[in-house]
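Engineer: Chains as they are written, first to last, in the UniProt record's numbering: chain A, 1 to 277; chain B, 1 to 314.
A few of these clues could be false.
Said to hold, decoys possible - Below 27 angstroms or equal to it, Euclidean Cα-Cα: the simulated BS3-like pairs (lysine-lysine) are:
#1 B:26 to A:103
#2 A:169 to A:184
#3 A:184 to B:118
Because the hints were derived from the structure by calculation, they are not lab data.
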Amino acid sequence: MAATTTSDKVKWGLLDAIVVVFALVPVLWIVSLSFKTTPTLTDGNFIPRDWTWDNYKLIFQTDQFVRALINSIGIALISTLIAVLLGTMAAYAISRLDFPGKKALVGVSLLIAMFPQVSLVSPLFNIERNTGLFDTWPGLILPYITFALPLAIYTLSAFFKQIPWDLEKAAKMDGASQGEAFRKVIAPLAAPGVFTTAILVFIFCWNDFLFAISLTSTERSRTVPVALSFFTGASQFEDPTGAISAAAVVITIPIILFVLFFQRRIVAGLTSGAVKG
Amino acid sequence: MSVQEKVRIPAQRTPKKKVALSEGKKQERKLGWLLCAPAAIVMVAVTAYPIIYSVWLSLQRYDLKFPEDREFIGLTNYVTVLSNNYWWTAFGVTALITVISVTVELILGMGLALIMHKTLVGRGLVRTSALIPYGIVTVVAAFSWRYAWTPGTGYLANLVSPDGAPLTERASALAIIIFAEIWKTTPFMALLLMAGLALVPDDLLKAASMDGASWWQRFTKVMLPVMKPAILVALLFRTLDAFRIFDNIYVLSAGANETSSVSMIAYNNLMKGLNLGIGSTMSVLIFLTVAIIAFIFVKLFGTAAPGSDDGERR
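With these hints in hand, go ahead and build the complete structure from the sequences.
Structural biologist: What follows is the structure, encoded as structure tokens:
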């Protein structure tokens, strides 16, 4: 019996190892490139022969990257905040209240989750040019909120359906006011779901490329994924590989942190919406 | 729209309620609408209005380089696009990428889901690693693959084809694009499938096992039927998502050598050609294609489609 367990463990361990290597190699490769010195950049070695921080120093000295980073953080945070707020309201109504039109709302969110974003690029480009939203933060925040809302509503309704709402009544019977019951009983129970949703929505906004490249034209609102694709290097003849890699690593850091610290929550968030729906 | 109009719909279904909607019930409805209104308004305003506007633009000759030539030309743009080889090549490329990547992802995703669900060791580690491709910015991953396949710079290019430039040839470039797509989205597929896997009752598997069912029989006869809804949701979402492919192609091949997807040429038409009329026509055509795919999925699989029973709870 003990023998099978050990061999089973080895078998699973091996499978685990394949998954881990498969998932990590591209990330390690871009990290490796970002630490290579200019002469060794094209040697094709997986591990740098010469290590340097120069690429990072370089990008943080350029307006191009620093502005883009500020834009990325600002736009993603504001979009997340608004999408989660609106999503929480809608999800609360969907999971707790009975009203006609509920199904329609769920249907609309589903349609938008499947909507081809490129179909909006041409019309939004023209609308935003005419209204002055083109190349501004709100010009990106609006489509981000729209496409994040279905995700937020689905995930949050799934979480909210698991909350034992009767506790609220119980607290009120014990003499708590409506406000207190919500603050002390419901809010702490709902917070993890709201937080998880915020992470998922943030990842979505942080990731976007299509809207960002179509609806911006200058450093005023260009986000990092777009700025990356415009990097040219210090001079025209210099290869931007090192700079691009360093910038790529910088915008991967938040994702790695989320995944490391909130793995359980993210998995729960992504799987709950799918089954319950 | 007045409140009364909306109230009538359910009232007809259940005539009993028609007479007396209690004050509390009315309050509940009002609150429900109030809470949902902001989300609904934003979603509809940012999608429905532009898509209608896009239909309107697609019926015009509208080139931003020659704005004074703007005029209504009916379906001419549709004829132009649909009789154009570029469009059909891009359409074929998109369909190819979608079919291959989603098929491979389903198989790999099922494997990954089983590993994440069942592994005896290092479950947290596997799940954490699997989330990295899901979370990483697509453009970042695409650059990593691009440099890996750039001759001289990349470990893969030097290893696999020492004297070629794989990203500059059509077949190999497409293969790399598909591979990058699979790497990025298999974990998402796996997570959706894992949700379905969690619904398979252990007792059922044990019983089947005692009756002498092989692993394969248990998988196909017990697990797959239970997982069917989850599989369909995963397939639907991934198919439509793959059809929108843009980031990977933009970074990996920039659409050179006929590797453009429909999203790529719609974008190019707008940004490089500055032709709003043709760009909008493509937008509408892509929208219609996606709608048809979604419709087929829902028709084929009926109530198993996501959202179909969500509203009825509670």
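Engineer: Holds or violated: residue 26 of chain B and residue 103 of chain A, Cα atoms, limit 27 angstroms.
Structural biologist: OK: residue 26 of chain B and residue 103 of chain A at ~18 angstroms, within 27 angstroms.
Engineer: Would you check the hint for residue 184 of chain A and residue 118 of chain B, treating anything up to 27 angstroms between C-alpha atoms as holding?
Structural biologist: Cα-Cα ~38 angstroms, so violated.
Engineer: Take a quick look at whether residue 169 of chain A and residue 184 of chain A sit within 27 angstroms of each other, Cα to Cα.
Structural biologist: Holds: residue 169 of chain A and residue 184 of chain A sit about 12 angstroms apart, inside 27 angstroms.
Hint 3 from the earlier list is the only one contradicted by this structure; the remaining hints agree with it.
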